[in-house]
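Novice: For reference, the chains in residue letters:
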Amino acid sequence: MTASSYHDLPLLKGPVWTWEVPVYFFTGGAAGAAAVLAAAAQLTRAGDDVVRDARWIAAAGAAVSGPLLVADLGRPDRFLYMLRVFKLQSPMSVGAWTVAVFGALTTTSVSADLVSRRTACPVKIVGDVSGILAGITGLVMATYTGVLLGATAIPVWKSHVRMLPVHFGASSLGSAVSLLELRGHRLPALNGLALGAAVFETLTGAAIEGRRDPESEPLRHGGTGRLTRLGGTLSGPVPLVLRLLGARKAAAASTLIGSLITRFAWVEAGKVSANDVGVAL
Amino acid sequence: MALSRDAGTTGFFTDSTLCIGCKACEVACKEWNDVPHDGFLWSGLSYDNTLGLGHSSWRHVKFVEHDTTIGVGGNSPAQMTWQFSSDVCKHCEHAGCLEACPTGSIIRTEFGGVYIQPDICNGCGYCVVTCPFGVVDRRPDDGRAFKCTFCYDRQKEGEQPACAKACPTESILFGKLDELERLADARIAKLHSAGMQDAAIWNPKDTSVGGTHAFFLIRGDSRQYNLPVNPEVPTTLLKPAWTAAAATAGIMAVGALLAFGLGGKPRRREEASRETLQNR
Chain E
1 MTASSYHDLP LLKGPVWTWE VPVYFFTGGA AGAAAVLAAA AQLTRAGDDV VRDARWIAAA
61 GAAVSGPLLV ADLGRPDRFL YMLRVFKLQS PMSVGAWTVA VFGALTTTSV SADLVSRRTA
121 CPVKIVGDVS GILAGITGLV MATYTGVLLG ATAIPVWKSH VRMLPVHFGA SSLGSAVSLL
181 ELRGHRLPAL NGLALGAAVF ETLTGAAIEG RRDPESEPLR HGGTGRLTRL GGTLSGPVPL
241 VLRLLGARKA AAASTLIGSL ITRFAWVEAG KVSANDVGVA L
Chain C
1 MALSRDAGTT GFFTDSTLCI GCKACEVACK EWNDVPHDGF LWSGLSYDNT LGLGHSSWRH
61 VKFVEHDTTI GVGGNSPAQM TWQFSSDVCK HCEHAGCLEA CPTGSIIRTE FGGVYIQPDI
121 CNGCGYCVVT CPFGVVDRRP DDGRAFKCTF CYDRQKEGEQ PACAKACPTE SILFGKLDEL
181 ERLADARIAK LHSAGMQDAA IWNPKDTSVG GTHAFFLIRG DSRQYNLPVN PEVPTTLLKP
241 AWTAAAATAG IMAVGALLAF GLGGKPRRRE EASRETLQNR
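Residue numbers (this note's numbering), protein chains in the order written: chain E, 1 to 281; chain C, 1 to 280.
Any given hint could turn out to be false.
As the list claims (entries may be wrong) - With a straight-line cut-off of 30 Å between C-alpha atoms, the simulated DSS-like cross-links for lysine-lysine are:
| no. | chain 1 | residue 1 | chain 2 | residue 2 |
| --- | --- | --- | --- | --- |
| 1 | C | Lys239 | E | Lys87 |
| 2 | C | Lys176 | C | Lys23 |
| 3 | E | Lys87 | C | Lys165 |
| 4 | E | Lys271 | C | Lys205 |
| 5 | C | Lys156 | E | Lys87 |
| 6 | C | Lys239 | E | Lys271 |
If you're looking for bench data, these hints aren't it; they were derived computationally from the structure.
Make the full structure from the sequences, and use the hints.
Specialist: See below:
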């Protein structure tokens, strides 16, 4: 009896993460990209309204991201141990520090904005500086989760190590723009960015469909394949067509749902991939 | 990357040609380390009901079923042969779990072993997906990650690990890594000269893992032992991953600045923006 692995049992252990992690990938990514938009809008003087709303989206996203990450720990009471050391070679460590700094900066930016508008206290500059720094940190927030998944032993993740940070970044940007649009902003700049993200997500979906390697199987077959396809369709072609037809809010809603589903699809695909007998051998 | 091993580095040399499948190593490990049971299951796969390493199985005796072409020594051609092999954490030279651990809970001990400090681990689960051998696992009712400690406590007292101590056939040898490697080379030469040409050492020294401190003498295809041919430490993927992230960040920043800078006249946009806010 010759088997491809030991009694056809899988070699690897899949992620033990539950729903909190993919939801965080969505909220953290959207918050990060929102901070980038806020900083860009601030620097180009695109209007106080859009800067303020983007900052609030970033701060709110950061506020829910922390508790989600704590809840997913096996020992939530030890969440502060994440800041015990800083390890550049650990994407989880870089991520934990980024979330902490990002949370502080976004909270400062909205607080300073609130204070400066309601009192005579001259703290607008504090809000502006922390807003720019939050935008820089937001670039990491929007992309590092792709590094986190890519730099692992899970076949479907590591075989997409170059795609994941770009894919998650585009998904995050699409989500942040969509939230601003649903809030009522109609700047042409937002439509342009959303179109770019939708085009990119369409190309990503096509690239996934075009792959024939055994590592990519969970993205194209079974339940995780359907989830990947659904998330990709709602983030790529659907909002693309809706935007070209002028239905911006419908496109925004589709993008948000698609982005959330996409994150679930990747985490679940990782679980299937780890059980894929023989691929890791 | 510089190697972590030195003259004091200890290792496990597990010789599957000497293993009789008694599982004394599994029992000794559980007893010494107070590892809880992880379910009572009749797998139906040979006499293996442990099935793999996990949060509560730090030694695992594999019952590899070989076809008759491999056996020597008077086996009936009609029957398969058994190879037993006691698996354990590999204590990698470049350990994915250790690199990935965000709390610094996973450390390299003075004996060169990879050790999870249970008072530091917060159960983030990242070591689980960064181990290329599927060794580390999170214990659901406890929340922390567990694996073979290389009996760090015993080694500090000058004792050998419980599994090696309990092994009745010296299939599990513990000692200085350099010495064990010399012993293994001598053993392979002896087996080859006795006609057992399919005996080989599994120790992925030529991969990014850089070799393991627990290595194995096996017969036949290593994949039948769930020992990967070309394991990769995920740290090597950091460069392409962060490069892609940096490129994305750059495009996103420039794209956002360009979009807001060129995306229309500010006044018209402000009006449109205000108008829609009022209409909501």
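Novice: Is the hinted pair Lys271/E and Lys205/C satisfied, with a Cα-Cα distance of at most 30 Å?
Specialist: Roughly 29 Å between the alpha carbons, so the hint for Lys271/E and Lys205/C holds.
Novice: Within 30 Å, alpha carbon to alpha carbon, are Lys87/E and Lys165/C?
Specialist: violated, 37 Å
Novice: Hint check: Lys156/C vs Lys87/E, CA-CA at most 30 Å. Holds or violated?
Specialist: Holds, because 27 Å separates the two Cα atoms, which is no more than 30 Å.
Novice: Is Lys239/C within 30 Å of Lys271/E, Cα to Cα?
Specialist: Since the Cα atoms of Lys239/C and Lys271/E sit roughly 24 Å apart, the hinted pair holds (cutoff 30 Å).
Novice: Is Lys239/C within 30 Å of Lys87/E, Cα to Cα?
Specialist: Since the Cα atoms of Lys239/C and Lys87/E sit roughly 15 Å apart, the hinted pair holds (cutoff 30 Å).
Novice: Quickly compare the C-alpha distance for Lys176/C and Lys23/C to 30 Å and report which way the hint goes.
Specialist: holds, 24 Å
In summary, the structure is inconsistent with hint 3 from the numbered list given earlier, while agreeing with all the others.
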